[in-house]
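> Add chain B to chain A, keeping to what the hints say.
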Amino acid sequence: GAGVSQTPSNKVTEKGKYVELRCDPISGHTALYWYRQSLGQGPEFLIYFQGTGAADDSGLPNDRFFAVRPEGSVSTLKIQRTERGDSAVYLCASSLAPDQPQHFGDGTRLSIL
Amino acid sequence: QKEVEQNSGPLSVPEGAIASLNCTYSDRGSQSFFWYRQYSGKSPELIMFIYSNGDKEDGRFTAQLNKASQYVSLLIRDSQPSDSATYLCAARALSGGYNKLIFGAGTRLAVHP
Numbered sequence: 001g002a003g004v005s006q007t008p009s010n011k012v013t014e015k016g017k018y019v020e021l022r023c024d025p026i027s028g029h030t031a032l033y034w035y036r037q038s039l040g041q042g043p044e045f046l047i048y049f050q051g052t053g054a055a056d057d058s059g060l061p062n063d064r065f066f067a068v069r070p071e072g073s074v075s076t077l078k079i080q081r082t083e084r085g086d087s088a089v090y091l092c093a094s095s096l097a098p099d100q101p102q103h104f105g106d107g108t109r110l111s112i113l
Numbered sequence: 114q115k116e117v118e119q120n121s122g123p124l125s126v127p128e129g130a131i132a133s134l135n136c137t138y139s140d141r142g143s144q145s146f147f148w149y150r151q152y153s154g155k156s157p158e159l160i161m162f163i164y165s166n167g168d169k170e171d172g173r174f175t176a177q178l179n180k181a182s183q184y185v186s187l188l189i190r191d192s193q194p195s196d197s198a199t200y201l202c203a204a205r206a207l208s209g210g211y212n213k214l215i216f217g218a219g220t221r222l223a224v225h226p
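Same order as they appear, the protein sequences are chains A and B. Counting in the working numbering, the first sequence runs from 1 upward without gaps. Counting in the working numbering, the second sequence runs from 114 upward without gaps.
The following block holds chain A by itself, in its conformation from the complex (with noise of 0.2 angstroms):
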């Protein structure tokens, strides 16, 4: 596929536990975003990897939040003890190069218990 990649596309999981969101990005995009939408509202930025690095990480609500991109491509957003106040769609996006337009992913639907 050419577009943003996202699993699971949907995440159900009990409060308190850890959960794993995975994005594979558009091959060849260099920086890579994490968003996260609540209903009705819109995406709200969570983290921004340029490469490896994580050049903003201003929107991680707490410290429960981690994203990483070891190898430059796919990230993983983990989410330690979870609260039903995550429960949010969470979108992942890259693009070419910092200056360019993002493409979004499908999303994971993650819904705490």
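Some hints here could point you the wrong way.
Some chain A residues close to chain B (C-beta under 10 angstroms, calculated; not the full set) [as the list claims (entries may be wrong)]:
#1 G40
#2 F45
#3 Q50
#4 V68
#5 V89
Worth flagging that the hints you see were computed from the coordinates, not collected in a lab. Note that the structure is predicted; figures quoted are calculated from it, not measured. Glycine residues also receive a C-beta, built at the ideal position from the N, C-alpha and C atoms.
Below, chain B alone, put in the same frame as chain A:
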């Protein structure tokens, strides 16, 4: 707090009419602007971007930017029922590694036959 404001709608237009969607932003450092279309339950899809003052046309879509007034708009000519979706406006500032989109909450467009 950097903000992007949109009228939530719904904006209802008849098929074949021009739909006009508007957006204002608060951060004068914003340099580029994006319109995404989002169908219910789907991810945002990039439809237009604009970096310079004035108009930019692409098929039935025209984006307009006025940096002095901090105002962005999207015109959709010959609206079709398939254009019915939520339209998200986003602003981006690039400086010193800062590279994220700030989204409005979106305007819901309904095109009726």
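> Check each numbered hint against the structure and report the violated ones by number, ascending.
Per hint list: single violation, 4.
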